[in-house]
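J.: These are the residues of each chain, in order.
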Amino acid sequence: MSDHSSEGSSPGDRSSSSDRIGRRMRARLRGSEPEPPPPLAVVGSEVSADEQMFGRAFDGRVVRRFMAYVAPYRRQLLVALAAVLVFTLTQMALPLIIRAAIDDGLLAAQASRRVLGVAGIVFGVMIAINFAANWLQEWITQIVAERVLFDLRRAMFFHLQFVALAFMDRTEVGRLMSRLQGDVASLQEFLESTVFAIGDVVLLLGIIAILIVLHWQLGLLVMAIVPVLLIVRALWLPPARRAFLRARETSSIANGALAESINGVRLIQEMGREKVNFDLYDEKAFANFASHARSSQFSAMMIPIVDTLSGIAIAAIVVVGGASVIGASLELGVLIAFIFYVQRFFAPIRAVTIQYSIMQRAMASGQRIFEVMDVPFQIEDRPNAADPESIEPTIRFDGVTFGYLPNEPVLHDISFEVGTGETVALVGPTGSGKTSITALLHRFYDVDAGTVYVGGRDVREVTQRSLGRHIGMVLQEPFLFTGTIEENIRYAAEGVGREEIERAAAIVGAHDFISRLPAGYRTVLEQRGSNLSLGQRQLISFARAIVADTRILILDEATANVDSYTELEIQRALQRLLVGRTALVIAHRLATVRKADRILVLQEGRIVERGSHKELVTADSLYASLYSMHYASFDDMGGELDRGRGA
Amino acid sequence: MLDSEQKIVDLRTSANVIARILRMALAHPVRMAIAGTATLAAGVVQLLVPRFIGDAVDHIFALLASGATWDEGRGGLLVAAVILFAASSLRGLLLMLHTQQGEVIGQAIAYRLRLRYYVALQRLSYSFHDRVHTGDLMTRGLLDIEGVRYFINQAVLRIIYLGVLLGAGAYLLMRTDVVLSAIALSFVPVVAWLASSSRLRLREMWYQLQRRMSVLTRVMDENLTGIRVVRAFSSQPHEMGKFDRASQRAYRLVERRVRVRVNHGTWMTFLYYLAMGGVLVVGGLQVLGGTLSVGQLTEFLAFMTILQQPVRQIGNLVNATARASSSGQRVFEVLDHEPDIADRPTATPLKVDRGLLRFDEVRFAYPTDDGQVPALAGVSFQVARGQTVGIVGPPGAGKSTIAHLVARFYDVDGGSISIDGADVRDVTLASLRRAVGVIQQDSFVFTASVETNVAYGDPWAVRERITHATSSAQLSSYIDRLPMQYRTLVGERGVSLSGGQRQRLAIARGVMLKPAVVVFDDSTAAVDAGTEQRIRRALREQTADCATIIIAHRLSSLMHADRILFMDGGRIVEEGSHDELVAEGGRYAALFELQTRKADS
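Chains as they are written, first to last, in our numbering: chain W, 163 to 809; chain A, 9 to 609.
Since the hints were made in silico from the structure, they are not lab data.
Note that the Cβ used here is the ideal one computed from N, Cα and C, for glycine as well.
A hint or two may mislead.
Lysine-lysine pairs mimicking DSSO-like chemistry, simulated, CA-CA at most 30 Å apart [claimed, not checked]:
no. : chain 1 : residue 1 : chain 2 : residue 2
1   : W       : 776       : W       : 757
2   : A       : 522       : A       : 359
3   : W       : 437       : A       : 250
4   : W       : 437       : A       : 359
Far from chain W by the CB rule (all over 12 Å, computed), these chain A residues [what the hints assert, rightly or not]:
no. : residue
5   : 52
6   : 212
7   : 266
8   : 390
9   : 395
10  : 404
11  : 488
12  : 544
13  : 568
Produce the complete structure using the sequences and hints provided.
T.: What follows is the structure in structure tokens.
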């Protein structure tokens with residue numbers, strides 16, 4: 163046991179014993195000491211994104227908002243609280259019954275079986291009540307805690323469905339996930355433990371009351387130990403908390419490194435980085451081990467302190483109480499009861515002090531959760547927003563100015579119109595604002611100036627759901643969900659039959675390859691379709707848009723990863739599909755642009771040229787000059803435009 | 009793929025898993041001995057406390073009965089008090105040792121498992137990672153390893169403690185009174201039975217719950233990652249429905265689990281109290297009958313008070329064991345999984361000499377849970393140093409498969425792939441992957457500085473080589489404009505790179521290693537054609553010594569290759585130089601015409 167006495171110093175102390183085992187273990191695992199790491203290698207993030215772990219122990223706002231989720235279970239919790247009280251009281255009564263049995267039954271002048279019998283019956287009744295109360299308190303608290311947890315997660319998830327896309331754009335999914343899981347779980351811990359903590363406080367107060375009533379002098383003597391315990395605890399807390407915090411930090415660092423290596427495993431194998439990464443990971447895993455070993459010392463340290471104090475209490479009872487018994491100012495049974503109560507005395511004190519850190523953690527988690535819940539929807543349906551069943555598929559932008567950040571507009575005074583059945587192509591280099599235009603049409607963001615009309619109505623005057631119902635979209639990056647191909651094509655269009663799904667797949671030319679898969683349309687896409695090629699995924703996302711069957715289609719012409727044949731097939735299919743439909747197409751390829759009714763050439767957020775292919779190509783236009791440069795894709799124009807401007 | 013996905017509880021497996029964890033614990037013999045001894049001793053001292061209390065009570069009782077004065081009894085009482093105090097403090101110290109050492113052993117095992125898990129993950133081949141969800145691997149690496157760790161301290165050492173208390177306690181009590189001891193301990197077998205029966209159910213439920221929770225996690229994760237799709241389709245109701253279904257499924261199980269746990273815990277407490285009541289009544293009768301002293305009765309009752317905590321811990325113990333056996337199984341499964349791709353015992357390092365890559369009648373199908381997905385059906389070609397082969401074809405033609413097979417991310421099902429005559433299966437993986445550079449279309453960007461990312465394959469590289477690579481990849485002028493140039497943080501938490509920039513980063517990363525065989529797997533799809541031409545020009549001199557394969561959809565990327573393969577359905581359907589293929593008037597020619605014609609047709 164002497165070998166961890168040296169660990170009292172800093173956590174990074176390399177001479178500590180835990181480090182020695184670490185080295186031994188590492189040497190055994192690897193067969194050698196680690197070499198110094200290469201200068202440019204890291205595993206896991208270089209930035210520490212550790213969020214605040216401990217908040218204030220009590221934050222009224224967080225508690226109030228949290229209570230809103232607890233409120234629906236008010237009645238159950240009251241029952242649970244009552245059960246906790248009953249449970250605690252019956253538990254406290256048991257030593258009293260034992261005392262009565264001994265003092266009045268066994269030690270009384272005329273020892274009687276009757277008193278013993280009564281005590282036995284009362285004892286039996288008490289434990290039956292205790293059982294029922296115990297069952298109720300455990301069941302209700304755990305179930306309510308779970309339900310609040312599920313409700314909270316649900317509320318948060320549902321909220322995220324509608325928060326401004328701008329927020330989602332700049333927030334890491336991983337961070338949101340950790341709030342949806344970790345933070346919600348620590349609130350559950352808090353709720354569950356709070357109910358029991360109330361029981362502990364009741365138990366503590368009850369024991370104190372009984373001790374005072376039984377024999378107040380002896381009671382006060384025992385109580386004198388409490389302040390000592392509290393002082394020791396107060397001294398212990400700051401360094402202990404630092405150690406716990408450090409342990410949590412090292413865990414999250416090591417876990418982050420593991421996550422990164424799982425996600426990047428293909429690249430790791432490709433580049434042969436296994437060994438270097440292992441050494442770097444080892445360092446983090448080892449820091450995690452060492453900090454946990456250290457924090458375990460802090461938690462273990464309290465045990466002998468509490469035991470010593472309770473030893474002092476019992477010794478005092480024996481000496482002082484014994485003297486009183488002999489002096490006939492105390493019954494022997496009372497002395498025995500005292501000993502029983504004192505043994506129970508310290509557990510609730512410890513539980514209550516643990517509750518303090520649980521509360522701190524919960525408050526920090528609560529703050530993080532409600533921070534997410536506070537993210538405004540930004541775009542909300544107006545109270546009187548219309549929800550038209552059908553609309554005329556027309557689009558009009560009227561003097562639209564828009565930017566993602568204040569005072570940094572990405573679109574300047576954009577005006578154009580798309581009539582029923584027309585196809586308009588947006589052409590321009592990356593960053594010219596094409597995607598922003600489509601996002602505004604769907605009202606992912608609100609314009610800063612001007613108006614966007616769909617079907618003649620301002621998009622702010624109809625519900626977002628109706629926009630979704632009437633506007634279909636194919637995004638540039640195909641995103642599929644885990645599930646079968648059939649489910650992915652059907653997606654939100656519940657009730658669409660298999661036939662329609664196959665028809666949609668056939669239109670985009672995906673039917674053949676899907677049929678060739680071992681399970682056909684029932685093939686399960688793993689990891690969002692990583693078992694398909696990118697092109698195949700794109701075809702499925704096309705089919706998904708077709709099944710949604712909307713009269714306005716936005717195509718962020720997602721054909722960059724499809725071979726030219728497939729692209730041609732899609733073009734043909736779209737020709738059929740676009741009949742009677744209005745389309746806004748971000749065009750990357752000549753083929754689409756040629757067929758469009760009108761072409762808008764965008765540059766730095768302004769429409770610099772507009773007209774049909776014929777008009778533009780014959781004019782002395784930027785379009786014509788780019789077109790003559792043989793580029794297959796208009797994205798390629800970026801560099802040329804820059805060059806053109808510079809000249 | 010991994011057995012635990014379907015397997016129901018199997019006692020023997022679970023016993024094996026537990027045995028394996030115990031063996032790992034025994035790999036720390038000194039600490040285990042310290043912890044074990046401390047635990048044993050703590051148990052013994054704990055047992056002595058009621059005896060001392062009983063003695064003290066009897067002592068006082070005797071003084072009371074004999075009518076002795078305080079002065080006569082003082083000495084005895086003081087001795088009893090000191091003994092009680094010493095025993096209590098000693099017990100505290102021993103328990104501290106037990107807790108702390110147990111925790112260190114648990115953490116040491118977790119540390120070891122983490123390292124082994126990490127090694128396993130890095131070794132397991134593409135086919136494994138294709139099929140096992142990253143979320144699942146994370147769960148195993150975090151929660152399941154935690155489950156194993158928790159077991160050491162919550163179950164293994166606790167069992168010793170409980171064993172001492174019950175065993176030695178029973179012996180001590182038996183010596184006093186057999187009947188009363190039997191009553192005092194009557195609850196133990198019932199509790200043990202309750203514990204073992206709920207153990208199985210809890211284990212199974214824990215397992216199921218993990219799976220249902222990971223479905224829920226996946227639903228949330230995919231929803232948030234694909235938020236644009238969700239918004240585009242206004243499919244929030246659909247997504248919320250999906251969430252609710254997954255959430256409900258998990259909740260129902262949570263409820264069942266809680267019920268089992270609560271039943272189990274409350275019955276144990278009740279039975280314990282019942283036994284205590286029995287001791288009180290029967291013991292009381294014996295005191296009345298004069299066969300037992302009040303002190304002895306107090307001792308019995310005090311002993312039972314001491315048992316209360318450990319008996320409650322039987323619940324934890326059961327839970328921890330249940331969790332460890334399922335968690336352990338899930339971890340060991342990954343550790344024991346033999347990588348499909350590994351060095352043969354006779355493997356030798358690859359020595360590249362002429363730099364000739366040869367595919368000979370290569371056949372390959374991707375294994376999936378539903379069966380095999382054929383990818384290559386007999387492909388033969390070769391590329392020599394300094395040569396370039398272009399590969400084009402519709403999606404799913406098997407182009408990327410070729411890239412994967414060259415670096416042996418998968419093994420061929422038939423035929424062979426060789427470099428300078430050495431079958432790729434006969435050389436060491438490390439040497440093969442050093443010789444082969446595969447630049448993928450969608451390359452991973454680590455949250456780290458640009459230079460760290462570029463130098464990923466050679467973290468010892470000097471800055472000059474890094475800048476050389478980035479300027480070849482036409483990325484250096486972009487990097488120079490970044491706030492901290494090469495030290496700028498990129499990736500998830502840093503500056504986010506566009507698709508084209510990511511691809512150029514991947515190119516820089518790949519060419520920096522000067523591989524003998526380099527495969528560009530559609531790695532310029534998101535780079536504009538003008539920039540791509542500049543990249544090709546810059547690389548021409550650097551890859552002059554390489555055998556180069558270019559896979560692309562855009563014909564301008566590969567039309568200057570020495571030979572072009574047109575693939576479809578896992579076969580090469582046309583082959584030749586650009587001019588030959590155009591003259592041939594086949595599918596390649598049609599494709600070329602499609603991509604370059606200007607007038608409406």
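J.: Taking the hints in turn, state whether each one holds.
T.: Hint by hint, here is what the structure shows:
Under the criterion of a C-alpha separation no larger than 30 Å, the hint pairing residue 776 (chain W) with residue 757 (chain W) is consistent with the structure, at around 10 Å. Between residue 522 (chain A) and residue 359 (chain A) the alpha-carbon distance is near 15 Å, which keeps this suggested pair within the 30 Å criterion. Using a Cα cut-off of 30 Å, the hinted pair residue 437 (chain W) and residue 250 (chain A) is violated, with the two alpha carbons roughly 41 Å apart. Restraint check for residue 437 (chain W) and residue 359 (chain A): the C-alpha separation of about 21 Å stays at or below 30 Å, so the hint holds.
No beta-carbon of chain W comes within 12 Å of the beta-carbon of residue 52 (chain A); the shortest separation is about 15 Å. With a least CB separation of 19 Å from chain W, residue 212 (chain A) remains clear of the 12 Å interface cut-off, as annotated. The claim that residue 266 (chain A) lies off the interface is violated: its Cβ sits roughly 5 Å from the closest Cβ of chain W, which falls inside the 12 Å cut-off. For residue 390 (chain A), the shortest C-beta to C-beta distance to chain W comes to about 22 Å, beyond the 12 Å cut-off, and the non-interface label holds.
For residue 395 (chain A), the non-interface assignment is confirmed: its Cβ lies about 22 Å from the closest Cβ of chain W, beyond the 12 Å cut-off. Separation of residue 404 (chain A) from chain W is inadequate, the least Cβ-Cβ distance of about 5 Å not exceeding the 12 Å criterion. Every CB of chain W is more than 12 Å from the CB of residue 488 (chain A) (nearest about 16 Å), matching its label as outside the interface. Every beta carbon of chain W lies more than 12 Å from that of residue 544 (chain A), the smallest distance being close to 14 Å; the non-interface claim holds.
Annotated as non-interface, residue 568 (chain A) keeps its C-beta farther than 12 Å from every C-beta of chain W; the closest such distance is 15 Å.
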